[in-house]
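**Student:** Read off the chains here:
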Amino acid sequence: MNRDRLVIVDGIRTPFCRMGTDLAALGADDLGRVAVNALLTRTGLDPAVVDEVIFGCVGQPAEAANLARIIALRAGIPQHVPAVTVHRNCASGLESLTQAYERMVAGRGEIFIVGGAESMSNLPLLYTPTAARKFAKLNRAKTLGQRVSAMAAFRPADFNPRVGLMLGLTDPVCGLNMGQTAELLAREFRVSREEQDAFALESHRRASLAREKLAEEICPVFVSGKSVVTADNGPRAEQTSEQLARLKAVFERAHGTVTAGNASQITDGAVALLVMSEAAAQRFGRKPLGALIGYAYAGCDPSRMGLGPLFALAQTEARYGFKLSDADLVELNEAFAAQALAVLKGAESAEFARSALRRETPLGHVPREKLNVNGGSIALGHPVGATGARLVLTSLKELERRQARRAVATLCVGGGQGAAVWLERIL
Amino acid sequence: MNNPSDTSVAKADSFPHIQRTMTADGVCVLTFDRPDSSANVFDRATLAELDRHLNLLEQDAGLKGLVLTSAKKSIFVAGADLHSLADASLDELRDLIEFGQKVFNRLAALPVPTVAAIHGAAMGGGCELALACDWRVASTARETKIGLPETQLGLLPAWGGSTRLPRLLGLPKALELILSGKVLAGQSALRCGLVDVLAPKEHLLAVALLRIARGKPHRRALWYFNNWLVADLLDLKLHRDLKRRTHGHYPAVFKALEVVLESVSSTEIESFAAERDAFLELARGEASHNLVRLFLQTERAKKSSGPDAVPVQRTAVIGAGVMGAGIAQWFAARGLPVVLRDIGPEQVSRGMATIAKLFAEGQKRHACTATEARAGLDRIQPATSEASLANVDFVIEAAVEKMELKKQIFQRLADESGPNTILATNTSALSISELATATSAPGRVVGFHFFNPVHRMQLVEVVVGRQTSLEVVQRAMRFARQIGKLPVRVADRPGFLVNRVLMPYLVEAGRLFEEGARVEDIDAAMIEFGMPMGPLRLVDEVGVDVAQHVTRTLADAFGDRISTPKVLGWMIEKGALGRKAGAGFYTHNGKSITTNLTAHDFPTTFEAARLTRPELQWRMVLLMLNETARCVEEQVVETAEDADFAMVMGTGFAPFRGGPLRYVDHVGAEFVVAEMNRLVGLGLKRFAPCDLLRRLAASGEKFYRKEEEHEQHEKRTA
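Protein sequences, first through last, are from chains Y and F. Note that the working numbering numbers the first sequence so that position 237 is 714, with each residue one more than the last. Note that the working numbering numbers the second sequence so that position 253 is 617, with each residue one more than the last.
Treat the hints as calculated values from the structure; they're not laboratory data. Each hint should be verified, as a subset may be incorrect.
[What the hints assert, rightly or not] Result set (SDA-like, lysine to any residue): computed pairs, CA atoms no more than 20 Å apart in a straight line:
| id | chain 1 | residue 1 | chain 2 | residue 2 |
| --- | --- | --- | --- | --- |
| 1 | F | 728 | Y | 701 |
| 2 | F | 955 | F | 725 |
| 3 | F | 1049 | F | 982 |
| 4 | F | 721 | Y | 701 |
| 5 | F | 667 | F | 846 |
| 6 | F | 930 | F | 905 |
[Claimed, not checked] Listed below are several chain F residues computed to face chain Y (Cβ distance under 10 Å; list not exhaustive):
| id | residue |
| --- | --- |
| 7 | 703 |
| 8 | 712 |
| 9 | 720 |
| 10 | 745 |
| 11 | 753 |
[As the list claims (entries may be wrong)] Stretches of chain Y that chain F covers, calculated by requiring three or more beta carbons in the stretch to come under 8 Å of a beta carbon on chain F:
| id | stretch |
| --- | --- |
| 12 | 518 to 529 |
| 13 | 545 to 554 |
| 14 | 692 to 701 |
Please read these numbers as outputs of a predicted model, since none were measured by experiment. Just so you know, even glycine gets a beta-carbon here, dropped at the ideal spot from N, CA and C.
My request is simple: use the sequences and hints to build the entire structure.
**Tutor:** Written out as structure tokens, the structure is:
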């Protein structure tokens, strides 16, 4: 067993762009390749020493089975380096990191390239099962008569595609889509529309102010040689609360509070991190950005998946003793403003601590100055497989700027889970 | 008397080139496996061996069939041995042709089914061998290429190919293949009927044996193609096309046309005799000599000399302009990762756009597949700032031609890169030696000059600076070969070799225009000489401003011989910069090119208006010859051969003339010097012949001596 710590040596991400805009022409494999390539160039690492490539992706492209492998080969990593793709919904980016840690502990390697890549623009449209059966029959038809009768069986409804994006964002077990779970939390934790919009506005404001800081973690993407994308296009500096107030609720028409403006944007992007055992990093000779000092994944009620972070944080406190107040920075993924605010309220609530978390004291209060200081997914966008890695990268960079010590990155996960990862800057 | 039935394997030592085995079913397999070589070629000894095998086979009553195949990794039979061809006397050639025809005819006359099982290159004589068989099966591998490229060497297929191919494929297709010398991959060969079936190389023999089981083929005579009417029509059309394209400089294609067309109205024997006579006539000519020599030179240039070193594995290109992008694309297409750097993301992005376009064009030309194109693009890592160059083996700079800027770049490069990184520059005008002084590692600085467009021009001038280490020069030469280019070492003088020789020539073209000659006449004169494009058109392609800049740089160095023509400055003022601006000496409208009327507006004198095209041609050609001779005199290149090779490969100088100095030998140095002196006598001082030319004219010596050629040949293949 390798009892070393896992350190994050360096990281880089592509710009995050709203679906259907600047990066829409690139598949998840292209985005991942660009990020890994940029990481290798920046660090000067010889790709032959990598022990494994682990990438998170939710909407795994049909034409790039095992996305991590495709990314690795296309980025020039030699054939002998194995690769695996991981999927823990929105926490896939974190999953890639913690799996690298577990491999290291098991003695299965010391140097890994991890991260996540997502092209939500390119999620497929699917035929209904009825239509798919009719296509299969048509394919099998040999004679002219068979073909004609197979074709005659199609109805207009068969050509109505099922939208992969919508399917992916709906939990089949509880029957609610993500936005509906956020509405549920908004009602139960009494998060008003105004509070949500204010939170969203703040996310945009902080992300816009942090533009130059964020540029440090971004590599340019050349889109089939046509133009170069160098910055996120999600944050809106000129966003006003009046504009947000005008938007209609999307998931519950009548009395809903969750709108497109106070929900995370649907976005394309990729993140790549170079992680190593601390010993290997010393041999490599580069001062790492930080170390992974603890993590947890916890399950919870799928219809209230937004509360996942609370369960995960409770676990990390129980296992490692890290209290929420120990964190100098908190990156709480803004899947929805309603969800993030519900988490903050839940963290302070003694009632919630006792009934749901089975502990005496609440988790704690998170001051706004520590929370998502450079903006969050509402402004920057949430390419689901990649976000976890972005939170790690951005919090480490900010720890360095503030010369602070510890950060926690935590996400809610569709299907009812929470993930939390604790990071410490290396002095 | 041989008893064939109990000789299952012929004695190996009496058949060193072609091994024979028998299958259990009585089929003989002859495997070509030339000792100590990676290729199979037909020299007289190999033909004689095949002849002896045929003796045994003809007498073997129990023979069921014959398969011809090769043991080499990527060559079936590559054709006649060109080295012996180049040195043979006419009698030896006649003997070789007649013997080859006889042997192949015996093969074709065998009563049993015969199959050529082709994996790898089957060109020229190798293809003719296959044509003499009943069936041809080929492997699906990339290495498999079949064709008759003899016309590209100024010859024609004379071992039965010009007769058998039209009978097999019909006149139109056969002519297309023979006249163009095009070489076909497996799929194309199958499609046009040149091969009968394709199979993976591991199954080739099995498939060949299946064919034998089918017996002899019953091929329909292609009477609807191979008749005198079609022949006459083709003659009319092709004659005109060929004349237009070759300006009468390549007699081989006309002779090949004649022989192939005649073949359909004559018997095989008559046609074979015609092939032989045509071949001998062509072999006597200067064009074929020069083309064969050029081919052998090219083959030599591809071979590495010296110990096998570690190949270059990682590269970087600084500057994403037209040349930088072209170089980066070439490296990436050859499997090398490239870091592409420029001063900002916009510049790099434009470079990436150029590279994507080059790959797309390559795909259209079938030079690469879609997957290869994407893999090539993946290899290019665009970088705008600090990209670690420590692991890079070879960096080449192709940025703006300003010495101060380049010095800064190289200073940084020397510090950023590892101790073994080669620091190359694509500069065409600046001094390598001076550039090197600005760095902390002058021994690693070398010139590596590509020609435009990178993907078409094979030449690279490797420029040796004063402090460039020998090791770096050798590694640079090896790298050029590694990426499929042909390197020539040149000294660090202004213009190196090619641009320096071109300059007086282009300046003269400009001057003739200023003196009243017409654009069309000037360019046509040089195309008729054998240049691929006229000088004024070349200026348009390169860019009038670029041409002026280079001229000025060289004028500084060479003063009176090269002066910048005023018309260039005038055109730059009018914005007529050439193709990139849409108009220069010509108006460029997409594909169409017409003479630009604006150019006619330049006020000219009339001294040159009455010069005929030959006179115009001679003026421009003489200056090229003179400058090339000077370059040898001043040891800008080591040998006349290097100079000629570079001029043909770098400018497309009439290949059938062998190069400027070969041409001087051909017309005679005395004649050249006399002509130049005549022009000097008319007041044109720039035509003063250089010392070397005058010496050769006086002594009757030539640039090339027969024995010297032999020595060089031995030295280079050692």
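**Student:** Any hints this thing doesn't respect? Which numbers, in order?
**Tutor:** none
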